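S.K.: Given these sequences and hints, build the entire structure.
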Amino acid sequence: MKRFLAVVISLSVLLGAVAAGFLFYAKSQLFSKRSVKVEIEVKKGETLKGAAGQVAEVFKVDPKLLYAYARWAGLKVKQGCYKLKGELSPAEALKELTTGKPCLKSFTIPPGSDLFLLDKLLSQQGVCKRGELLELSRSKAFLEKLGVPTLEGYLFPQTYYINREAGCKRAVEVAVGEFKRVVLPLFQNYTPPPLVKRALKKVTVEKVLTVASIVEKESSYPPERPLIAAVIYNRLIRGMKVQCDPTVIYALKLKGIFKERLLYRDLKTPSPYNTYYVKGLPPAPICNPSLNSIEAALHPANVKYLYFVSNGRGRHLFSKSYNEHLKKVRALRNGKETGS
1 MKRFLAVVIS LSVLLGAVAA GFLFYAKSQL FSKRSVKVEI EVKKGETLKG
51 AAGQVAEVFK VDPKLLYAYA RWAGLKVKQG CYKLKGELSP AEALKELTTG
101 KPCLKSFTIP PGSDLFLLDK LLSQQGVCKR GELLELSRSK AFLEKLGVPT
151 LEGYLFPQTY YINREAGCKR AVEVAVGEFK RVVLPLFQNY TPPPLVKRAL
201 KKVTVEKVLT VASIVEKESS YPPERPLIAA VIYNRLIRGM KVQCDPTVIY
251 ALKLKGIFKE RLLYRDLKTP SPYNTYYVKG LPPAPICNPS LNSIEAALHP
301 ANVKYLYFVS NGRGRHLFSK SYNEHLKKVR ALRNGKETGS
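Letter by letter, the sequence shown follows residues 1 to 340 of my numbering.
Be a bit skeptical, because a hint or two may be false.
To be verified - In silico DSS-like links for lysine-lysine, alpha-carbon gap of 30 Å or less:
no. : residue 1 : residue 2
1   : Lys64     : Lys43
2   : Lys37     : Lys120
3   : Lys85     : Lys120
4   : Lys78     : Lys105
5   : Lys95     : Lys78
6   : Lys169    : Lys241
Simulated from the structure, these hints should not be mistaken for lab results.
Since the structure is predicted, the reported quantities are computational estimates derived from the model, not experimental observations.
M.R.: Encoded structure:
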């Protein structure tokens with residue numbers, strides 16, 4: 001009997017030691033924190049076992065033990081993308097996978113980009129198929145759904161994040177939605193300055209956007225954009241042709257001709273967008289202008305300028321008369337630069 005009790009006690013001690021060892025092992029496996037920086041994607045239909053395996057691989061722990069813990073804890077992983085960063089334990093990391101954070105992708109609409117360029121850029125960024133954006137821009141039903149007359153000018157320039165599974169339509173909807181959120185409030189309670197009112201007569205969002213789009217393409221220097229806008233308005237008031245090169249470039253793009261350096265014959269291109277060919281503004285914007293250019297079109301400088309010419313260094317020289325303009329052009333050609 002004594003021998004039997006001794007065996008039982010020995011076994012109990014052994015089992016206790018084994019249990020204690022297992023608990024220590026389990027604790028070190030499941031709850032020991034370590035520094036991590038990794039992204040884990042739980043795909044649609046992924047099992048708890050599969051998700052536990054991903055976490056176990058990151059932390060170099062026993063996947064079966066982590067899976068057993070997850071089942072015991074009643075965890076249910078959700079589809080999504082999870083950025084695990086900082087001091088975490090495997091158990092904590094696995095719990096993160098239950099929150100359902102969406103997988104996101106980013107895309108950028110640069111200021112001044114037109115639909116032709118964006119069609120290429122969004123394709124490269126994996127948001128649209130090549131040609132898809134241009135096709136959407138021609139869909140009257142899609143434009144009516146968005147509540148805009150055209151996509152050109154209404155895709156607000158910035159970087160966006162959308163669900164990784166979302167397509168081109170969703171990207172456009174988000175960009176137009178941001179335009180409505182940021183830009184349309186600028187027109188609420190807006191009192192047009194006399195210059196804008198006289199030039200446009202009936203001030204509309206589309207007309208202002210069209211001016212802003214020309215301003216955007218003419219100048220990359222924000223402080224002079226109100227001056228560019230003023231030149232456009234002053235010329236409209238006097239019945240002069242606006243005569244801005246970017247409108248010719250856009251008119252050529254509509255005809256399938258892509259070039260940045262214009263020839264004299266290009267200025268004669270028949271198109272309602274060519275402001276050398278027609279009086280007045282183009283029928284719609286020629287790019288997606290920045291907020292700065294839109295504000296310049298809404299609030300132009302109070303000046304009498306009718307002409308401007310690039311000084312070749314990203315700035316422009318402005319003139320009130322054609323003779324003054326010619327003098328500045330000649331001075332630039334001779335390597336001399338006069339004031340503004």
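S.K.: Indicate, hint by hint, whether the structure satisfies it.
M.R.: Results for each hint:
Among the hinted pairs, Lys64 with Lys43 is consistent with the structure: their alpha-carbon atoms are about 20 Å apart, no more than 30 Å. Simply put, Lys37 and Lys120 have alpha-carbon atoms about 33 Å apart, too far for the 30 Å limit, and the pair is violated. Restraint check: the Cα-Cα separation between Lys85 and Lys120 comes to about 34 Å, which exceeds 30 Å; the hinted pair is violated. With a C-alpha separation of about 18 Å, the suggested pairing of Lys78 with Lys105 holds against the 30 Å cut-off.
Note on Lys95 and Lys78: the hinted pairing holds, with a Cα-Cα distance of about 10 Å set against a maximum of 30 Å. Distance restraint check for Lys169 and Lys241: the Cα-Cα separation of roughly 37 Å exceeds the 30 Å cut-off, and the hinted pair is therefore not satisfied.
Of the numbered hints listed earlier, those contradicted by the structure are 2, 3, 6.
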